[in-house]
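Novice: Model the full assembly from the supplied sequences, consistent with the hints where possible.
The primary structure of each chain is shown beneath.
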Amino acid sequence: MSALIEVKHLKKYFNSARGRVHAVDDVSFRIEEGKTMGVVGESGCGKSTLGRTIIHLLESTSGQILFQGEDVTNVNKKQLREIRENMQIIFQDPFSSLNPRMTVYDAVKEPLELSNRFTPAQIVEETERLMDLVGIEERLKLAYPHELDGGRRQRVGIARALALNPKFVMCDEPVSALDVSIQAQILNLLMDLQEKKKLTFMFVTHNLSVVRHISNDICVMYLGQLVETSPSKELFEKPLHPYTRALLSAIPSTNIHHKKQRILLKGEISSPINPEPGCRFAARCVYADENCKKAQELVELLPNHYVSCCKAREINQL
Amino acid sequence: MQSNSVNCANESSPILPNRLQKKSNVKHASSGDLVFQTLLKKKGALVGIVIVLSLILLAIFAPLISPYSYTALNAKAVFAPPSWQHLFGCDELGRDILTRLMYGGRYSISIGILSTLVSTLGGILLGSIAGFFGGKVDLILMRILDIFQALPSILFAILIATVLGPGFNMTVLALGISGIPGIVRTMRASILSIRKIDFVEAAVSINCTNSRIIWKYIVPNAITPVLVSISNNVSQAVIQAAGLSYIGLGIQPPSPEWGAMLSAGRNYILNHPHLVLFPGLIIMVFVLAFNLFSDALRDALDPKLKK
Amino acid sequence: MMNHNSDTSAFLSVRDVVVEYTSGDKILHAVNGVSFDLEKGKTLGLVGETGAGKTSIAKTIIRILPDPPAKVRSGEIYLNGEDILHISESAMRKLRGKIISMIFQDPMTALNPVKRVVDQIAEVISEHCHTSKSDARLRAVEMLKKVGIAEDRSREYPHQFSGGMKQRVVIAMALACNPDLLLADEPTTALDVTIQAQVLEMIKELKTENHTSMILITHDLGIVAENCDYVAVVYAGQIVEYGSLEDVFDHPTHPYTIGLFGSMPDLSTNIERLAAIAGLPPDPTNLPEGCSFHPRCCKATDACKKGAVQMEEISKGHFCRCCNTKSLEG
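Protein chains in written order, with the numbering used here: chain W, 129 to 446; chain X, 14 to 320; chain H, 216 to 545.
Just so you know, the hints here were simulated from the structure itself, not pulled from any lab data.
Computed from a prediction, not measured in an experiment: that's the story for all the values here.
The C-beta atom is built at its ideal place from N, Cα and C for all residues, glycine as well.
A hint or two may mislead.
Said to hold, decoys possible - Cut-off 25 Å, straight-line C-alpha distance, at most; resulting in silico cross-link-like pairs (DMTMM-like, lysine to aspartate or glutamate):
#, chain 1, residue 1, chain 2, residue 2
1, H, Lys241, W, Glu275
2, X, Lys55, W, Glu275
3, W, Lys387, H, Asp481
4, W, Lys136, W, Glu362
5, H, Lys313, H, Glu366
6, W, Lys394, H, Asp367
7, W, Lys387, H, Glu254
8, H, Lys274, H, Glu254
9, W, Lys325, W, Glu266
10, W, Lys387, H, Asp444
11, X, Lys229, W, Glu213
12, X, Lys55, H, Asp240
13, X, Lys229, W, Glu275
14, W, Lys361, W, Glu428
15, X, Lys56, H, Asp240
16, H, Lys241, X, Asp46
17, X, Lys209, W, Glu187
18, W, Lys366, W, Glu160
19, H, Lys286, X, Asp312
20, W, Lys269, H, Asp498
21, W, Lys139, W, Glu428
22, W, Lys394, H, Asp321
23, H, Lys419, W, Glu396
24, W, Lys387, H, Glu401
25, H, Lys422, W, Glu396
26, W, Lys295, X, Asp211
27, H, Lys361, H, Glu371
Unchecked claim - Pulled from the structure, derived: some chain X residues nowhere near chain W, Cβ distances all over 12 Å:
#, residue
28, Val60
29, Leu106
30, Ser123
31, Leu130
32, Lys149
33, Leu152
34, Thr199
35, Ile243
36, Leu283
37, Val289
Specialist: Below, the structure is given as structure tokens:
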């Protein structure tokens, strides 16, 4: 299968009062069609910014974005409209991502109306089909967001995102704001929809258990840099980058009979404003040395398993 | 972790708890309906609305209710104290005060409402422009507003009176324009915060045009704090109109505007306090009622604001 | 340990606490008859979803429920034999900070933005431990060092700290006077996972050092597994299952507990589809008749719909509130 999305040396910087924020710094990866790429990292790692830049809600600073092999980095207004129909987003907060003044029905049919591709009769039919697809009961058609619970609101958000049959959906922490028992419902729904409609997902989250469940491949980000990427299962079985290893060891385990070896990181996350060149994790890494101050390269250490760390080979005895 | 019993997994669509299995033709409450329902439950709002409506009705139907004319001079009843024939007594020209107060409502209440209308419309328009376009437009507009607000509103009223001459139109215009800056700031702040909310980004992602985003997403949601301030502004306008008439700038005698009546009666306050008492009371009652209503409105809108 | 009889000899004994919130003309049944014991030095995990009543239980113990709209309808809470639910507010004030402390989820709103960090901790110490101002200052600096904040950062303001550091300051404040009981309401939910690990480790160390008892509220079963000695699963204001960590994790009995375990994606298991719990948590103003969980329970029978369900001891120290425990055990 060919790559639906390919990102090459993508950078997104913001100007702030204190300097340039390197939100996304030289990130490259591919997402195969029909697969889910999980992007994980902690606060400030740039995963949300990365997603929004790919779907053109933010303008990239440099680098390339390819969709189905075509360079879509810089597009005019007309092309942007088309891209938006192909690349959609599901938001984290179901409470703030819906217009409180619009009913469920209005919210779901709006993208259809705006695309000018459907007749009124088709719009009605499609809207009902979409609501059915995501599991919103018919009697809630005229409900307002404040009458629904978080899970249902998120379903409305999903229906809206899927209205125009996008090929790619960026899911920005779609279940983090939901109650645990509802999370499972929504995750199952997303996986079902992916299978039914051959969707490609980019799943951004800080919750590693969730991402393992839903992703085929995973990218780990730290302070705007891509530090490791590999197939999902392998990342958890063989984490190669020191940060990934610390991250995985930090997750509390429900296995009460097996005490976990915990790697505790020292210090705090450094600032993404005008950062020093080289690996940004070095300041907290026990293996760091002079070589880490140089720009790191993404190297394939195991089949399909890339790491951005000059010490990775040594640490993992490869 | 082991599990020693069958997991109650339900693979098909979720079972709904009883409370959600309502009839299929259930009516859905928009947030506007909810606000209305909440308002009706609040005693303060009910009292306020009843009083305000009564005063308005009295003003409209004054000719039918009162046996007296508001201009009829009656030398025999000059300074008459309150009695059964003249419930609030008579003024220095023998005119029935209660009748004059009822007709006066036409002036005072309509000035209150019209000037608020002027400031609200102007404020929403300018506030929206400043909020959307931001940058230089916002900067220039806000600085003009700052300069304007530095001018005391009394001076501004005098300016307008000089240009237009005192009277009804001048009062409405002066009060209306001086009320614009407050509304501009409220609207602008509201828009700036609404713009950051996710649903605006969501609208962009489905190819919403800018004008659609403005009229369907931003303005309907940003307007709530302005609505809350409107009712407050009406009562403020009534007080300010009374103030302007008191200093001789607003409505001129013999028009029975409440403030003008206060002004005319101040010379006789020691010997015939009823000339001042009743107009003062009516202003107070109207403002109090409107404030009760506006407080209740703010409370009713609050949970919606938080959401 | 759990006891429904009058033996209130444990360090903390909560008995049949019922708390209601009045909202307009509706009554919200937040806590519906909660009882449990806690020994000194042990940690109890209160697990459940949003709205289950866990925070209300904790706030009732330290008596910071807003009154109105909250009202404690009945029940007793014995701390070292004294019923603290019925002592005067001034007596309770002496306990807060010194004997019982609470930390909340959001560190940003727990700290005073206009006071230096060391001053805030020193204030707590001098208020509750009756030390001189200079002694309090010294102890505050010591506490900060213990939670990993160097002395040269102690004179900074909260906004200069990251989320994890702020939470550590909050913890330092809570533990400054060596309280006997610490109530922690989702203390790490707002933190990144690597910071969470640091913070939980630190709480454990301080707790062990001072033999502090803790009630840890969370919805994360992993955190429970690594920090708690006992577990109470809360649903609709009631404890539906209670036991030691091994009891509840190795032998979960209540259908809700089993559902919770099944619906959480876990790194140690390899399930394809998550077993979601059908339906939604109940409306606390309109709880179902009988067992609160029966509308969502696939094992519900007619007996579940009638009458309150009592806690049953299914093995020593392991309790479950379900009519069908016999059939579940089988």
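Novice: Indicate, hint by hint, whether the structure satisfies it.
Specialist: How the hints compare with the structure:
Distance restraint check for Lys241 of chain H and Glu275 of chain W: the Cα-Cα separation of roughly 17 Å lies within the 25 Å cut-off, and the hinted pair is therefore satisfied. For the hint linking Lys55 of chain X to Glu275 of chain W, the alpha-carbon distance of about 22 Å falls within 25 Å, and the restraint holds. Taking the CA atoms of Lys387 of chain W and Asp481 of chain H, the gap is near 16 Å; set against the 25 Å cutoff, the hint holds. The straight-line distance between the Cα atoms of Lys136 of chain W and Glu362 of chain W is roughly 23 Å, inside the 25 Å bound, and the hint therefore holds.
Taking the CA atoms of Lys313 of chain H and Glu366 of chain H, the gap is about 24 Å. The hint holds against a cut of 25 Å. In summary, the hint linking Lys394 of chain W to Asp367 of chain H is supported, as the alpha carbons are separated by about 17 Å, within the 25 Å threshold. Between Lys387 of chain W and Glu254 of chain H the alpha-carbon distance is near 24 Å, which keeps this suggested pair within the 25 Å criterion. A distance of roughly 19 Å separates the Cα atoms of Lys274 of chain H and Glu254 of chain H; the hinted pair therefore holds under the 25 Å criterion.
As the CA atoms of Lys325 of chain W and Glu266 of chain W are separated by approximately 22 Å, the hinted pair is consistent with the 25 Å bound. For the given pair, Lys387 of chain W sits about 14 Å from Asp444 of chain H by alpha-carbon distance, which is consistent with the 25 Å threshold. Restraint check for Lys229 of chain X and Glu213 of chain W: satisfied, since their Cα atoms lie roughly 21 Å apart, inside the 25 Å limit. The hinted pair formed by Lys55 of chain X and Asp240 of chain H meets the criterion: a straight-line CA distance of about 12 Å does not exceed 25 Å.
In summary, the hint linking Lys229 of chain X to Glu275 of chain W is supported, as the alpha carbons are separated by about 20 Å, within the 25 Å threshold. Between Lys361 of chain W and Glu428 of chain W the CA atoms are separated by roughly 17 Å; this keeps the pair inside 25 Å, and the hint holds. Taking the CA atoms of Lys56 of chain X and Asp240 of chain H, the gap is about 14 Å. The hint holds against a cut of 25 Å. Between Lys241 of chain H and Asp46 of chain X, the direct Cα distance comes to roughly 20 Å. Compliance with the 25 Å bound is thereby established for this hinted pair.
A threshold of 25 Å between alpha carbons decides the hint, and for Lys209 of chain X with Glu187 of chain W the separation of about 17 Å falls inside it, so the pair holds. About 22 Å separates the Cα atoms of Lys366 of chain W and Glu160 of chain W, which keeps this hinted pair within 25 Å; it holds. Simply put, Lys286 of chain H and Asp312 of chain X have alpha-carbon atoms about 23 Å apart, close enough for the 25 Å limit, and the pair holds. Using a Cα cut-off of 25 Å, the hinted pair Lys269 of chain W and Asp498 of chain H holds, with the two alpha carbons roughly 22 Å apart.
Distance restraint check for Lys139 of chain W and Glu428 of chain W: the Cα-Cα separation of roughly 21 Å lies within the 25 Å cut-off, and the hinted pair is therefore satisfied. Restraint check for Lys394 of chain W and Asp321 of chain H: the C-alpha separation of about 23 Å stays at or below 25 Å, so the hint holds. Using a Cα cut-off of 25 Å, the hinted pair Lys419 of chain H and Glu396 of chain W holds, with the two alpha carbons roughly 20 Å apart. With a C-alpha separation of about 22 Å, the suggested pairing of Lys387 of chain W with Glu401 of chain H holds against the 25 Å cut-off.
For the suggested pair Lys422 of chain H and Glu396 of chain W, the alpha carbons sit about 24 Å apart, so the restraint of at most 25 Å is met. Distance restraint check for Lys295 of chain W and Asp211 of chain X: the Cα-Cα separation of roughly 22 Å lies within the 25 Å cut-off, and the hinted pair is therefore satisfied. Restraint check for Lys361 of chain H and Glu371 of chain H: satisfied, since their Cα atoms lie roughly 17 Å apart, inside the 25 Å limit. The Cβ of Val60 of chain X sits about 28 Å from the closest Cβ of chain W, beyond the 12 Å cut-off, so the non-interface label holds.
For Leu106 of chain X, the non-interface assignment is confirmed: its Cβ lies about 55 Å from the closest Cβ of chain W, beyond the 12 Å cut-off. With 12 Å as the threshold on Cβ separation, the claim that Ser123 of chain X sits away from chain W holds: the shortest Cβ distance comes to roughly 31 Å. Annotated as non-interface, Leu130 of chain X keeps its C-beta farther than 12 Å from every C-beta of chain W; the closest such distance is 23 Å. Chain W leaves Lys149 of chain X outside its interface by the beta-carbon criterion, the shortest separation being 18 Å against a cut-off of 12 Å.
Chain W leaves Leu152 of chain X outside its interface by the beta-carbon criterion, the shortest separation being 17 Å against a cut-off of 12 Å. The Cβ of Thr199 of chain X lies farther than 12 Å from every Cβ of chain W, with a closest approach of about 19 Å, so its non-interface assignment holds. Here Ile243 of chain X stays apart from chain W, with its beta-carbon at least about 19 Å from theirs, past the 12 Å limit. Against the 12 Å criterion, Leu283 of chain X stays outside the reach of chain W, whose nearest CB is about 58 Å from its own CB.
Annotated as non-interface, Val289 of chain X keeps its C-beta farther than 12 Å from every C-beta of chain W; the closest such distance is 48 Å.
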